[in-house]
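Join the two chains, each given in its own frame, into one complex according to the hints.
Single-letter residue listing:
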Amino acid sequence: MSEYFQNDNILVEKAQNGDQNALNELIRKYQDRAYIYAYRLTRNQEDACDVVADTFLRVNNAIKNFKGNSAFSTWLYRIVTNCYLDRRKRDRSRTTVSLDANLTVDHEEVTREIEDTGDTPDKTAERNQREVMLQKALNKLPEFQKAMIIMFHAEQQTYEEIAEALDLPLGTVKSRLNRARISLRELLAENEELFTV
Amino acid sequence: MSQERLQEHFSDLYEGTIDPGLAQQIQARFETDFDLKDDYDQFVTTMFMLGKMPEEQIEIPSKLSSVIADRLAANPKKQSLSLGAFWRNIALGTLACVAIGSAFFAIKNRTAGPTEAHFGPSMPAPEAPHKVLDTIEVKMVKNEATLTYESSGPKTVTVVNFDDQKLLKKKDVSANEQFSATLANTNELTAVFQIEATGENAKHFVVVPGSSPENEAAGKGDLITFAKLLAVKFHKVVHIEFATESKRDLQWDITATDPQVAATTVLSAANYTVTTSADGILNIQATK
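So the protein lines, in turn, are chains A and B. The opening position of the first sequence corresponds to residue 1 in our numbering, with each subsequent residue numbered one higher. The opening position of the second sequence corresponds to residue 1001 in our numbering, with each subsequent residue numbered one higher.
One chain only, chain B, in its complex shape (with noise of 0.2 Å):
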């Protein structure tokens, strides 16, 4: 047989898979070609590289997340959603401006004065590769939570800061029609926006954190109070969402430093399920 030939042989000598039959005849050839010895030996020596290969420590980039969440934000292929009627001279609070087809929110500078709620600068509207009707969603785009509502049929959408209760938005959509905002807090304390839709069971809450530092990772209340730790502790979005909410008290002790782990292991007990969106949301649920 050529050493071409036998060649074919080295994995399965190797991995000891071979016919014992070929084994012995190759062994008996390593005694006179040592040529083909030596392509063995280095072959071995190849293989033991590559067994080292897993070793490798490879980070993962923390922009992953929202690369992708991007990249399916623009898919080519997503369906069109249909805008409703632009928004003009909305004048809600201290401030207003225009926006085209989305709104752009903002809970800011609480602590120089009471919330305000102002339209900013138009952007793209959200699109979700599936198009979902009558649910409340939120995800990250551009690296800011973005609230998007699409109705079956006409509904009034409502946010509220949650804090204080004062309305931020009220719109009032029909059929088909998409409502869409951009959820910002440029305050220093975390803030929360409460989201309803008339008609709809789910009530929605949007914890955006704020500038300020780390609370104390121990301690007890009820879920919005648990979920803005978890926003300013993890600097995450979390959405909560639930249909019908009886007062659970809490008590926490953060240790994990996975955010997802922190969550369900308050959680869970209580009847909650936490998950992560792709884009780093954190999201939350009751489960009765």
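In isolation and in its complexed conformation, chain A is listed as follows (with noise of 0.2 Å):
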């Protein structure tokens, strides 16, 4: 059976005892999932390829670290959170820019859709509306809630993975997504129309 197919446990094992194609196995098996969760945090293609490298350097360094306590994937997720989280941090360090920021190209194009729809949005230019909407209003959470909320809703996590992949206690973490939804609420609520029928 080819290594792709091995289980996690395999190839991390093998990994562990300095064999490089597992390392590449786990690489490529994972390597999409990083960059969808990366690009989730950073709205930026650059940006999320950057973090995902990192995210896989840090693997390489710290794979006989990896105890096995948790699923390969669950320690992942932390890994590409703390990259995010420290190169959020380089970057404010570096210069201030507004949160808004973030949101680059894709958002001028959806919101030029918006406009064509004028008065008269069908559901399309409505989804996209509330997308962005829901984007900026993420991108002016606390940078740990963010990946919170992505995590549960966008990468489908459970509270226990969660809870496991950014090592809180799970009540913190069901206390801190309920905190962060109720202040999402509030910034969508500065744009009353998204909560009218």
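Any given hint could turn out to be false.
As the list claims (entries may be wrong) - In silico contact screen, one side only, chain A against chain B (beta carbon under 7 Å); selected entries:
#1 GLN45
#2 ALA53
#3 LEU57
#4 LEU134
#5 LEU184
#6 ARG185
To be clear, the hints were calculated from the coordinates, so they are not data collected in a lab. We put the CB at the ideal spot given by N, CA and C, even for glycine.
Right, dumping it as structure tokens:
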């Protein structure tokens, strides 16, 4: 059977013993998933690629320390999140940028669509508008809350998986997520039309 | 209970994981506290919007693998490999240059004449995150297939053009000396580099696509022929490794769009395993 189909535990064990092919298999298996999560956090292709590259560099350097108490994928989420948070910290120390600046070219295209539809927006435009508003609101959340929201709602991780990935008690994850959702609700409420039927 | 305290239970209320007594208490409060009810209705709308997040289509950039591979290759924590003596003025074939620590091979201009081997500009030796002795490794470094070999003892490494069996390089390496070479193909046709090290059972073939267009998807032949087709069709470097190869006739009709799936479909029944490295190289190994 191809190594690709071997389970993660075997690949991790081999990688820990210096098997480069096993590590490559893990990278190949998870690079897309890591990218999607990183893109959702950064909303920028270049930044997401960098976060993923940083992530697998850390995986490479720390694989021997991975004890296997959680799934490899859970550990990976933790590393992607940490790489993203470190990157944001570095960015903030360099320059002050509006959080809205994260919304790049994609959003301009979406905005144009909304303008084109004028006063009679169809469902697609309405959906796009909601997505844009949601992204803007997400970008105004504290980074850690944003990561939790994306892990739960976009990546469909369970509370338990998030607790493992972020090394937090389950109750803390639940209460912080609730707080993040309420903050989002308040941010979105600034655009009242989103909540009118 | 204050409005703020009640909001702490919105997620549980929405997900139905709230204590029934508390749920009743909040529902009763909704009857009189319209602000709280409005807040909850907006919370439900927010949850609905969040529920749409997984539907977003996110395209994976084609360069992702190479960005990861480059970052790993530049790993500051990698182990430092000892390089062998500098190679100077090694003349093979029709052209010879100087290579420092590594060599650049090219099978080129096949249509214009016989295959040539030359040594070109030096490049930094690719360094693996894990040091493995006596193993021929093939990786993509800056979009080129690169061979590295570090020996535990005195060995001779040879690189041959498989199609005409012309010797491209022969290098004696001593213990812990690293042999490194870029395997480049400027040809129209696909090139196959055959690599061997004395004392090693494994034979290695590195198939590098040329610039010629895609071949017929269906056909039959041996593993090298099939590997050439894979290399051209998917524009990928294919690395074949086997210890004792018996002739295995293969037949194929490639319909898959994923190279690993296409290769596995044909090769798994013939006892080959197929994997793809993080840098995109398709690896084929004989299992017995």
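Exercise for review: Could you check if A/LEU184 really has its C-beta closer than 7 Å to a C-beta on chain B?
Suggested key: 5 Å, holds
Check your understanding: Would the stated hint for A/GLN45 survive a check requiring a Cβ distance to chain B of less than 7 Å?
Key -> 6 Å, holds
Check your understanding: Against chain B, with CB atoms and a cut of 7 Å, does the hint on A/ALA53 hold up?
Key -> 4 Å, holds
Exercise for review: So, A/ARG185 near chain B? Judge it on the closest CB pair being under 7 Å.
Suggested key: 4 Å, holds
Point to revise | Hint check: 7 Å Cβ-Cβ cutoff, A/LEU57 to chain B | key: 5 Å, holds
Review point. Taking the least C-beta to C-beta distance, is A/LEU134 closer than 7 Å to chain B?
Key: Holds. Min distance 5 Å.
No hint from the list above goes unmet by this structure.
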